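Just so you know, the protein sequences line up as chains A and B, in that order.
Numbering-wise (the numbering used here), the first sequence opens with residue 1 and increments by one.
Numbering-wise (the numbering used here), the second sequence opens with residue 1001 and increments by one.
Source of the hints: derived by calculation from the structure; they are not laboratory data.
It cannot be assumed that every hint is accurate.
Simulated crosslink set (DSSO-like; lysine-lysine; CA at most 27 Å straight-line) [as the list claims (entries may be wrong)]:
1) K49/A <-> K1040/B
2) K71/A <-> K115/A
3) K61/A <-> K1040/B
4) K1038/B <-> K115/A
5) K115/A <-> K1009/B
6) K1041/B <-> K71/A
7) K1038/B <-> K1019/B
8) K115/A <-> K1053/B
9) K58/A <-> K1009/B
10) K103/A <-> K1041/B
11) K103/A <-> K1038/B
12) K61/A <-> K115/A
13) K1041/B <-> K1019/B
14) K71/A <-> K1022/B
15) K1022/B <-> K103/A
16) K49/A <-> K1038/B
17) K49/A <-> K1041/B
18) K58/A <-> K1019/B
19) K69/A <-> K1038/B
20) K1022/B <-> K61/A
21) K1022/B <-> K58/A
22) K1038/B <-> K61/A
All values derive from a computational prediction rather than experimental measurement.
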Amino acid sequence: AQSVSQHNHHVILSEAASLELGCNYSYGGTVNLFWYVQYPGQHLQLLLKYFSGDPLVKGIKGFEAEFIKSKFSFNLRKPSVQWSDTAEYFCAVNAFLERQGGKLIFGQGTELSVKP
Amino acid sequence: DTEVTQTPKHLVMGMTNKKSLKCEQHMGHRAMYWYKQKAKKPPELMFVYSYEKLSINESVPSRFSPECPNSSLLNLHLHALQPEDSALYLCASSQVGYQGQQFFGPGTRLTVL
């Protein structure tokens, strides 16, 4: 069965520190990959997505992610975090379902706390 | 218009009440979804509608009853809920098929007393 694994449950950083959140997926077919962010009390927002092409994708708010097919990984990075990046981050895989919408499979989430 | 709207934003109901959640999109998407999300947990898929027909039911209890009256609307009818059903209920929509990025609504925060 398809699954998504996020390595860290809770990450605590100081402002200006660099961020890398790990995400590995288990799925034999071609996938679309996503990172979503959920700020406290708010709804899910798409940070970035990978469908095909350049494996290094850039998203909003200075985030980027790299798709490494051989490692089944899609890690999220940001060179310098801000207090406003405090949020829950979810990695997700969209597995193909013929004649249906994709079934979005989420990782368990990583809570990021940035100290001012 | 890349927006999915959901009403109401908040809902408090007793265990004997009947209520409905509503979701609407005007992006021409023919796949629509209901998710349930508990605090600090990922969204859990409940139902998928494809071309206005129920295509996936993730073994959701019958006290949750989805309905897709047309290609823009998705409802979730609630009846005899339990306190553990309190959660954020998210609606999403996408194109049908492989490349379908899902667009999420802001959710309805449901409290069952």
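Going through the numbered hints above, which ones does this structure break? Give me the numbers in ascending order. Structure breaks hints 2, 5, 8, 9, 14, 18, 19, 20 and 21.
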